[in-house]
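A.B. asks: Residue numbers (the numbering used here), protein chains in the order written: chain A, 3 to 364; chain B, 3 to 364; chain C, 3 to 364.
By construction, these hints were calculated from the structure, which means they are not laboratory data.
Any given hint might turn out to be false.
The list treats identical chains as interchangeable, and a pair is accepted whether it falls inside one copy or across any two copies.
[Claimed, not checked] The list that follows gives simulated cross-link-like pairs (lysine to any residue, SDA-like), each with its CA atoms no further than 20 Å apart:
hint, residue 1, residue 2
1, K99, L83
2, K99, P46
3, K278, S227
4, K131, F346
5, K278, A330
6, K278, E166
7, K99, A223
8, K354, E344
9, K354, A223
10, K311, P81
11, K99, A350
12, K315, V127
13, K311, Q64
14, K278, P128
15, K131, G161
16, K278, G159
Because the structure is a prediction, the values reported are computed rather than measured.
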Amino acid sequence: MVRNPETALGDQKAAGVANARFFTRSGPFSGEELAAAAEGEFVPPREGAETGRRYVGIGPLQSAGATEVSFLDNRRYAPLLDATRAGLIIVAPAFAKRVPATSAAIVSSTPYLAWSRVARMFHPVPPAKPGRHASAVIGEGAVVPASCEIGPFVVIGNGVEIGEGTIIGPHAVIGDGVTIGRDCRIGPQVVVSHATLGDRVTLFPGARIGQDGFGFAVGPAGFESVPQLGRVVLEHDVEIGANSTIDRGSVQDTVIGAGSRLDNLVQIGHNTRLGKCCIVVSQAGISGSTELGDFVTVAAQAGLIGHIKIGTKARIGAQCGVMSDVEAGADVIGSPAMPFREFFRNVATLRKLSKKPGSGDE
Amino acid sequence: MVRNPETALGDQKAAGVANARFFTRSGPFSGEELAAAAEGEFVPPREGAETGRRYVGIGPLQSAGATEVSFLDNRRYAPLLDATRAGLIIVAPAFAKRVPATSAAIVSSTPYLAWSRVARMFHPVPPAKPGRHASAVIGEGAVVPASCEIGPFVVIGNGVEIGEGTIIGPHAVIGDGVTIGRDCRIGPQVVVSHATLGDRVTLFPGARIGQDGFGFAVGPAGFESVPQLGRVVLEHDVEIGANSTIDRGSVQDTVIGAGSRLDNLVQIGHNTRLGKCCIVVSQAGISGSTELGDFVTVAAQAGLIGHIKIGTKARIGAQCGVMSDVEAGADVIGSPAMPFREFFRNVATLRKLSKKPGSGDE
Amino acid sequence: MVRNPETALGDQKAAGVANARFFTRSGPFSGEELAAAAEGEFVPPREGAETGRRYVGIGPLQSAGATEVSFLDNRRYAPLLDATRAGLIIVAPAFAKRVPATSAAIVSSTPYLAWSRVARMFHPVPPAKPGRHASAVIGEGAVVPASCEIGPFVVIGNGVEIGEGTIIGPHAVIGDGVTIGRDCRIGPQVVVSHATLGDRVTLFPGARIGQDGFGFAVGPAGFESVPQLGRVVLEHDVEIGANSTIDRGSVQDTVIGAGSRLDNLVQIGHNTRLGKCCIVVSQAGISGSTELGDFVTVAAQAGLIGHIKIGTKARIGAQCGVMSDVEAGADVIGSPAMPFREFFRNVATLRKLSKKPGSGDE
Chain A
3 MVRNPETALG DQKAAGVANA RFFTRSGPFS GEELAAAAEG EFVPPREGAE TGRRYVGIGP
63 LQSAGATEVS FLDNRRYAPL LDATRAGLII VAPAFAKRVP ATSAAIVSST PYLAWSRVAR
123 MFHPVPPAKP GRHASAVIGE GAVVPASCEI GPFVVIGNGV EIGEGTIIGP HAVIGDGVTI
183 GRDCRIGPQV VVSHATLGDR VTLFPGARIG QDGFGFAVGP AGFESVPQLG RVVLEHDVEI
243 GANSTIDRGS VQDTVIGAGS RLDNLVQIGH NTRLGKCCIV VSQAGISGST ELGDFVTVAA
303 QAGLIGHIKI GTKARIGAQC GVMSDVEAGA DVIGSPAMPF REFFRNVATL RKLSKKPGSG
363 DE
Chain B
3 MVRNPETALG DQKAAGVANA RFFTRSGPFS GEELAAAAEG EFVPPREGAE TGRRYVGIGP
63 LQSAGATEVS FLDNRRYAPL LDATRAGLII VAPAFAKRVP ATSAAIVSST PYLAWSRVAR
123 MFHPVPPAKP GRHASAVIGE GAVVPASCEI GPFVVIGNGV EIGEGTIIGP HAVIGDGVTI
183 GRDCRIGPQV VVSHATLGDR VTLFPGARIG QDGFGFAVGP AGFESVPQLG RVVLEHDVEI
243 GANSTIDRGS VQDTVIGAGS RLDNLVQIGH NTRLGKCCIV VSQAGISGST ELGDFVTVAA
303 QAGLIGHIKI GTKARIGAQC GVMSDVEAGA DVIGSPAMPF REFFRNVATL RKLSKKPGSG
363 DE
Chain C
3 MVRNPETALG DQKAAGVANA RFFTRSGPFS GEELAAAAEG EFVPPREGAE TGRRYVGIGP
63 LQSAGATEVS FLDNRRYAPL LDATRAGLII VAPAFAKRVP ATSAAIVSST PYLAWSRVAR
123 MFHPVPPAKP GRHASAVIGE GAVVPASCEI GPFVVIGNGV EIGEGTIIGP HAVIGDGVTI
183 GRDCRIGPQV VVSHATLGDR VTLFPGARIG QDGFGFAVGP AGFESVPQLG RVVLEHDVEI
243 GANSTIDRGS VQDTVIGAGS RLDNLVQIGH NTRLGKCCIV VSQAGISGST ELGDFVTVAA
303 QAGLIGHIKI GTKARIGAQC GVMSDVEAGA DVIGSPAMPF REFFRNVATL RKLSKKPGSG
363 DE
């Protein structure tokens, strides 16, 4: 019998977080167990008996019930504390007193991290299901351990080497000679070529890794492609978002440093190098041969020209256009990029001048 | 015999609109039939006998002939009316008198809508061709009605439910538990997971729906992924463009309201909510937890930060950078966003000041 | 035996350019042979015997050895000449004297083009491997010459015509009626429909060609899709980057002129026309019905509104927002677009005014 999709839609709107159609669930857990995982301090409710209460799941402050865990991370949502019915709430010390009297709390100086670990206890990442789908095409000399999960219609080229426990999702295409570390998660419809991946690398659907960089010379009869002879190196624990594109290098490698995370629809040009634990938010682009230090943040839709250097811990604001080097620790925004303070001073100046009689259009 | 592609290229350049290689054709139709479909007023030609003339197809004003229908929607192209040989022209009342004397007209206060319906009469959307390609992989407990068209190399997960008449294009991957309504069109190489789709939803090639949102906490050894435990809900009649990405929610759902249309390469972050009939043009991005009312328009390459609210019928201009709430009905542009008037006044002010001796570089 | 990915990662970091896992190699070649291919002047080393020396490969100035060829194209890297140990260096005449005394040189007025050809001699593009993978699905009446390479899980529609020597990568989907010229390279997971491709066209992974343009009219019950009845025409030698999207026309064709190159994540709207040898850098977008002349350059993240004309050889800067016609040969930048000089004068003016006491925030 076909279930009425209309009804299904309605049902699931109401179903809230961690819908059982999509997410497996562990537990229940006591508040102390959860606090231990979160490395936070367990605080029983000020009113009512808490002894032996066990929690079965998580939810947002608006809808969590007496056996569910919730959290407050963003000051903007603090008023929700007053009305919540959540049984256990993870909060920073500053908000511990605003937790309702009948709710328990886990107090943590890093509440978002604590939340992350508690949510992960209830909903652990599903492990690889070892095996190869019969339709997968595996090249000559490819090393694919039995512990790997190889999905339908996967294409693995000649001489590919994959580490233990790695998942290759449906339709992924892994080009000749690529090496992939252990416990990686290669999403559906990812294409990887000319690349070397470390361990625990995650590629989301449609990521394109290792295609030719955008390099050509002007010849007498039109553009001539310049051979792109480097690789892409994704170090350990790198994550690349859906439909993002990372071109391989031309005369050196394109390198994404260990622990870096790129969001969706990000573009990385050839020969670019990111240090460790960089963050690049969606739709940002980094042009060829630019180098980022460690812990650099590039916000959404920012663009960096090629052949520049961005210092460690610099922060590039959303939609920023960076045309020259940025010093370590600097905060820049605007197009062209300038210090945050200067940018907002400029905005204020221009607004004032536009209003002044005689200097603007009125 | 291999046809010479050079010739094919030349041939088809000349072939114009609705090339028979790609589009099926209905008709012919009389002017009155077309006017009825268009809900417009049929006006016979001022000169020459029109009685019984039947139209066989559509074309642009520049090339349409005596048995073809054309239209004028953009004032910018009005001069083309003087030279057109189109037999029937759809126009707004203001242009009715400029229609050539030998052409018939359909006069409509909504000429683009009228055109849409006339063009659709000649070229109806091809219906689903019921059947499953032998190569498709269908999971356990999946409900896939016989009226659906399931293309080659499709992967449908366990427990998926699909409504009547839906088309799943080649290589699409539908994750475990996903529900899809009736008469949907899921394009080639789409990936959908952790999602619930209403009826008549259209996903263009390469759309990525339901992957993890970009959420992580800073842990002692690097970033730790925060579990993303919500879904994506696409309500009835939603359309998502090619290679666009919609992340699933973390502690609530990401929701795209009924009738909303997203163009290509659009990014929607986790927990974001769009109201009904919103428009998001290509390469725009909306960050996590932001809420749009109904009938909001976000133009190309605009970016919205997270956790803000955009009121009903607000219009966000191209490349706009929105950092705070926008009121219902407001028109904003610039980065940071400001009212249209203010933005263009600022532009004029700055131009004037840069030219003034002593205040600029010059 | 599973090779340790950790070690593999380390090994290959050291391995440098043109890693043998991924790239085949020709040669060795003499300096004169390479200079002839490069159409440059061979200059033997000023010190030491060069006679009979043969080169085996290429490398960057920092790491190339005595039997390797390197090049200098960007003035910024000129200091590297002092320390390089490269045996042969391709340089512009201005840098010929800075080549180390023990290195040979190829002096060329177009050193990047010369480099391109030398690198290509060592690493020629691998030819098509004729044959069809057994899993490919080929439609009725499709013309696919035996000289073509058709990868696993390819789907070729009814009536498709493909020229000699063309490569169709794994999972590519070619819709009914599409024509593709000879010696094209269609990458993995490309989708093409409603399109006509010339010869030597290259599509990188995930490119989406020919889907419906973003066109709809406001009807009484919501948006109504306007039929998109044109095609996409990619003329000879066009290249389209990874995950870029080109919509088909509505009442005329979307045309990309011969020799044009589009980078990754580029959006081209319906009915848009690019002339010959245009360049569109990553994440730029061109809205519907806009026309570009020949040799137009659109830099990264620029956006052009619809229905405008950009003259021959105009250059649109990065992140530029173009709202009106641009004259041939003009250089524009900013949002809204203005001449380069004016843009940077505005930037300087505003900076000065913001610092002036009394006019800014201080």
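A.B. asks: Within, between, both or neither: how does the pair K278, P128 come out at a Cα-Cα threshold of 20 Å?
C.D. replies: neither (27 Å within a copy, 35 Å between copies)
A.B. asks: Using 20 Å as the alpha-carbon threshold, which applies to K311 and Q64: within, between, both, or neither?
C.D. replies: between (45 Å within a copy, 18 Å between copies)
A.B. asks: Tell me, please, which holds for K99 and A223 at an alpha-carbon limit of 20 Å: within, between, both or neither?
C.D. replies: neither (74 Å within a copy, 31 Å between copies)
A.B. asks: Since the copies are identical, ignore which copy is meant and state whether K354 and E344 lie within 20 Å (CA to CA) inside a copy, between copies, both or neither.
C.D. replies: For K354 and E344, both the intra-copy (15 Å) and inter-copy (11 Å) Cα distances are at most 20 Å.
A.B. asks: Using 20 Å as the alpha-carbon threshold, which applies to K315 and V127: within, between, both, or neither?
C.D. replies: Neither way: K315 and V127 sit 30 Å apart in one copy and 40 Å across, limit 20 Å.
A.B. asks: My question is about K99 and A350: at a cut-off of 20 Å on alpha-carbon distance, are they close within one copy, between copies, both, or neither?
C.D. replies: For K99 and A350, neither the intra-copy (39 Å) nor the inter-copy (51 Å) Cα distance is at most 20 Å.
A.B. asks: First find the shortest C-alpha distance between K278 and E166 inside one copy, then the shortest across copies, and answer within, between, both or neither for a cut-off of 20 Å.
C.D. replies: Neither: 24 Å inside a chain and 46 Å across chains, both beyond 20 Å.
A.B. asks: Evaluate K311 and P81 at a C-alpha cut-off of 20 Å and name the case that applies: within, between, both or neither.
C.D. replies: between (43 Å within a copy, 17 Å between copies)
A.B. asks: Quick one: K278 to A330, C-alpha cut-off 20 Å, is that within a copy, between copies, both, or neither?
C.D. replies: Classified as within: same-chain Cα gap 14 Å, cross-chain 43 Å, threshold 20 Å.
A.B. asks: My question is about K99 and P46: at a cut-off of 20 Å on alpha-carbon distance, are they close within one copy, between copies, both, or neither?
C.D. replies: within (12 Å within a copy, 78 Å between copies)
A.B. asks: If the cut is 20 Å between Cα atoms, do K131 and G161 qualify within a copy, between copies, both or neither?
C.D. replies: between (23 Å within a copy, 18 Å between copies)
A.B. asks: State whether the alpha carbon distance between K99 and L83 is at most 20 Å within one copy, between copies, both, or neither.
C.D. replies: within (10 Å within a copy, 65 Å between copies)
Checked against the numbered hints above, the structure breaks hints 4, 6, 7, 9, 11, 12, 14 and 16 and satisfies the rest.
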